[in-house]
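First to last, the sequence lines map onto chains A and B.
With the numbering used here applied, the first sequence corresponds to residues 1 to 216, in that order.
With the numbering used here applied, the second sequence corresponds to residues 1 to 306, in that order.
I should point out that these hints are in silico values taken from the structure, not numbers from a laboratory.
Under 8 angstroms between C-beta atoms, here's a sample of chain A residues computed to sit facing chain B:
{"id": "1", "residue": "Asp56"}
{"id": "2", "residue": "Phe64"}
{"id": "3", "residue": "Pro69"}
{"id": "4", "residue": "Asp73"}
{"id": "5", "residue": "Trp76"}
{"id": "6", "residue": "Glu78"}
{"id": "7", "residue": "Val79"}
{"id": "8", "residue": "Ala86"}
{"id": "9", "residue": "Asp90"}
The structure displayed is predicted, hence computed values, not measured ones.
All C-beta atoms in this analysis are idealised placements derived from N, C-alpha and C, irrespective of residue type, glycine included.
Each chain is listed here by its residues.
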Amino acid sequence: MSHVQLSSSALERLVARRTFPLHRRTSVCRNLFGPVDHEELSREMKAKLREISERDQQRWNFNFEANTPLDGDYKWEEVPVDQTPAFYQDSVQNDRTRVPATPVKQKPSSDSALPETPRLDVLERLAVPESSSTPCPVEVNQENRTDKLNSGKPTHRQVPCVRRKRTSTADNNNTHITDFYVKRKKAADRKSNEMSACHLSKSPIPVEQTPRKRIR
Amino acid sequence: MAHGTSIQYEPVAEIGGGAYGTVYKARDTESGQFVALKSVRVQTDQNGLPISTVREVALLRRLEQFDHPNVVRLMDVCATQRSDQETKVTLVFEHVDQDLKTYLERAPAPGLSPDRIKDLMKQLLCGLAFLHSNRVMHRDLKPENILVTSQGQVKLADFGLARIYSCHMALTPVVVTLWYRPPEVLLQSSYATPVDIWSTGCIFAEMFRRKPLFCGESEMDQLGKIFEVIGLPPEEEWPTDVTLSRKNFPPLTARPIKDFVPEINEQGAQLLLKMLTFDPLKRISSLNALEHPYFCDEETSTQTKS
Numbered sequence: 001m002s003h004v005q006l007s008s009s010a011l012e013r014l015v016a017r018r019t020f021p022l023h024r025r026t027s028v029c030r031n032l033f034g035p036v037d038h039e040e041l042s043r044e045m046k047a048k049l050r051e052i053s054e055r056d057q058q059r060w061n062f063n064f065e066a067n068t069p070l071d072g073d074y075k076w077e078e079v080p081v082d083q084t085p086a087f088y089q090d091s092v093q094n095d096r097t098r099v100p101a102t103p104v105k106q107k108p109s110s111d112s113a114l115p116e117t118p119r120l121d122v123l124e125r126l127a128v129p130e131s132s133s134t135p136c137p138v139e140v141n142q143e144n145r146t147d148k149l150n151s152g153k154p155t156h157r158q159v160p161c162v163r164r165k166r167t168s169t170a171d172n173n174n175t176h177i178t179d180f181y182v183k184r185k186k187a188a189d190r191k192s193n194e195m196s197a198c199h200l201s202k203s204p205i206p207v208e209q210t211p212r213k214r215i216r
Numbered sequence: 001m002a003h004g005t006s007i008q009y010e011p012v013a014e015i016g017g018g019a020y021g022t023v024y025k026a027r028d029t030e031s032g033q034f035v036a037l038k039s040v041r042v043q044t045d046q047n048g049l050p051i052s053t054v055r056e057v058a059l060l061r062r063l064e065q066f067d068h069p070n071v072v073r074l075m076d077v078c079a080t081q082r083s084d085q086e087t088k089v090t091l092v093f094e095h096v097d098q099d100l101k102t103y104l105e106r107a108p109a110p111g112l113s114p115d116r117i118k119d120l121m122k123q124l125l126c127g128l129a130f131l132h133s134n135r136v137m138h139r140d141l142k143p144e145n146i147l148v149t150s151q152g153q154v155k156l157a158d159f160g161l162a163r164i165y166s167c168h169m170a171l172t173p174v175v176v177t178l179w180y181r182p183p184e185v186l187l188q189s190s191y192a193t194p195v196d197i198w199s200t201g202c203i204f205a206e207m208f209r210r211k212p213l214f215c216g217e218s219e220m221d222q223l224g225k226i227f228e229v230i231g232l233p234p235e236e237e238w239p240t241d242v243t244l245s246r247k248n249f250p251p252l253t254a255r256p257i258k259d260f261v262p263e264i265n266e267q268g269a270q271l272l273l274k275m276l277t278f279d280p281l282k283r284i285s286s287l288n289a290l291e292h293p294y295f296c297d298e299e300t301s302t303q304t305k306s
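Produce the entire structure from the sequences given, and follow the hints as far as they go.
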C-alpha cells in the first residue's frame, strides 16, 4: 500500500517538474530548476558580497574599501615599509597590457626591469609576456579584451608575437636564459654597447637582463 | 617621495590608489597580537576573480588549518571590488617584526652562534618539509621571506603567493633576486621542490658568512658564480631539455666549501654540499636534511650510525 502512495507522489513530482516520461523531450538538455532570474541572482550576490564585506570590516575594524582604519579592538597604525619586513609590502598586480600605453613605462629601462621577474604566474599569464611589450602592444590589448581572463590556463594566447615556443608549460612562469636569445636578436643593436661594457664576454647571452640589486 | 615628479606622468590608477610605501599594522587590544595587511590588486573581468587566484587562496587557507609553527599565520582574506576590472584582495597576516635579512644584519659582531644557526636551519627545514609534503613549493625563498620572531621562531612567508601576487611592479626598479635561484631554474629546465632546498643551502651559507654566497648579476653570471664553488657539473648531469650548452662555461672543478664558509663545522659542510647539489634529483630533500647528522646533538652525534 505504502509503496503505491510513494510511487504516485513520485509521479506527481515528475509531472510537476514536467520531466514525466510522456513529456520527455528528445534533447538531453533539461531545465531542472526552472528559469534563472539573472537580475535576482545578481542582486542576491551583491547583497551577499556586501554582507561579507561588512563582516570583514567589523571583524578587523578596518574599512578595506577605503583602506582606512576604524575604531575597535585592533589599534591600527601605518608603518613605513622600511620599518617592517619587505614581505608585508603591498603587491600591485601590474596589468602589463596597459602599461605600455602610459608614459610611466618609459621610466625604468623596460629591458632590464621586465624580464627579470620570476613571480610571473597566473596574472602574468593573464597579462602579457614581457617580451611582447615593445613589439606589439596593440594586438596585445585586443587580445586581452577578448580573452577569458579567468580561464586560468596558460595556453590561450593567440597573439602572434607573444609566446615563443617553450618546451614545458609547467614552468613557463619564469624568465629564463633562453628567453634572451630571441630577445637579443631584436635588441642587439640597441643594447650592444651596454653588453660590451658588461662582463662575461665569452657567453653568448646578452647581459642586458642584469638585475638591479636593490632587492635580493 | 618627491611630489613634483608625479606631475609629468599620467596617473596610473592601478598603482596610485593605495598608500604605497606604508603597511597597515595593528595590535589586537584583547590578545595583544599584532597583525598586518598585505593587499594585492587582481584584475578581473565580468566573470570575477581568476579561478586560479581563488584556488591559491583556498590552498593557503587549507594549509592554515595545520597551524604549522614555522609558517606565518594567515588570519583572513578579504576581497573588495574596486571596479569592474579590479578586485583588491587583502591578506591579513600575523605581524612579525623582522625577517632573516635584518636579523642577520643586526646580529652583533662575530655573527650568529653555530647553535643559533642550527636552530634556525632546523626550523626553516621543518617549515619547508611541511610545505613540500603539502605539494607547495616556495620558489622564491630568500632571507626577506623568512620571518624571525623576537623569540627566535622562524616563520616562512610568501609561499604559494606567487600565483596571487603578480610580479612586483614593473614600473619600479624592483627586480627579484637571482642569488637564491637554483641552476635548473636559471637554465630553464623543469623544476620542483628541490628548488627550495637550493635556496635553503644558499641561506645556510649566508648565516655563517653574513653575506650572500652567490651574488650573480645576470642568469649567466649567477651560474658562473655557482660553478666557481661547486664546479662545472659533468656532462651527464647537464639537463637535456635546455638550450644553454655546458660548453659555455669554463671547466671549473669544485673547491672546498669551507673556503667560502670557513666557520661551518664538518657535518654542516656535508649538509650544505648536499643542498648545493647541481642535479635536483640528487639534492637532499627537506625531510632527509632534518635527519642529517648535523642536527644531532653533540652527545648523540658521537654515536656512530650507519
